[in-house]
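Build out the structure end to end from the sequences listed, making use of the hints.
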Amino acid sequence: GRISFYEVHLMFRSVLSQITRQRSRCSFWQFRAFAVESTGGQQAEISVEQTSSEDRKCLRLYNVVRTAMPSDIHRLFQGLKLERVICELTPKFSPTGDWYVELANESDAVQAMMRSQELIGVRPVVISPTLKSVVDSVQSER
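Residue numbers 298 to 439, in this note's numbering, belong to the letters of the sequence shown in order.
By construction, these hints were calculated from the structure, which means they are not laboratory data. Treat the numbers as computed from the prediction; the structure is a model and nothing was measured. Yeah, the Cβ is synthetic: ideal placement off N, Cα and C, and Gly gets one too.
Estimated spans, in silico, between C-beta atoms of each pair: (1) R412 to Q436: 16 to 24 Å; (2) S404 to R363: 25 to 33 Å; (3) S368 to S391: 15 to 23 Å; (4) P388 to S350: 32 to 40 Å.
Here it is as structure tokens:
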């Protein structure tokens, strides 16, 4: 059966952490992944066809130290072209520790995903895909 985009996202985070630990290369947006269903051990194909090319350029960073600056995010993604860097703020305008980035292209986004678990300050940053609409809504709330 089909699996939702959210389930793909959660599965990929698990796979990415294993890949990151091994420091091997992968292609996030072009992969064909399979999940083992809990009953019968059958494999179910995961569909990522619902995502647009604009969505495939957007990432969410979390577990970022709250004192991080945009320059820290640019340093993390050195060598990649960032279109937007947005810090999510609480209603009292203090950082939540979540950042959103939009990269210039899908290739840069794939390379950026490989930098998950790298440190900003003393914390390993977790990087996951997100939708462009989410990035737009975070920016409009500012």
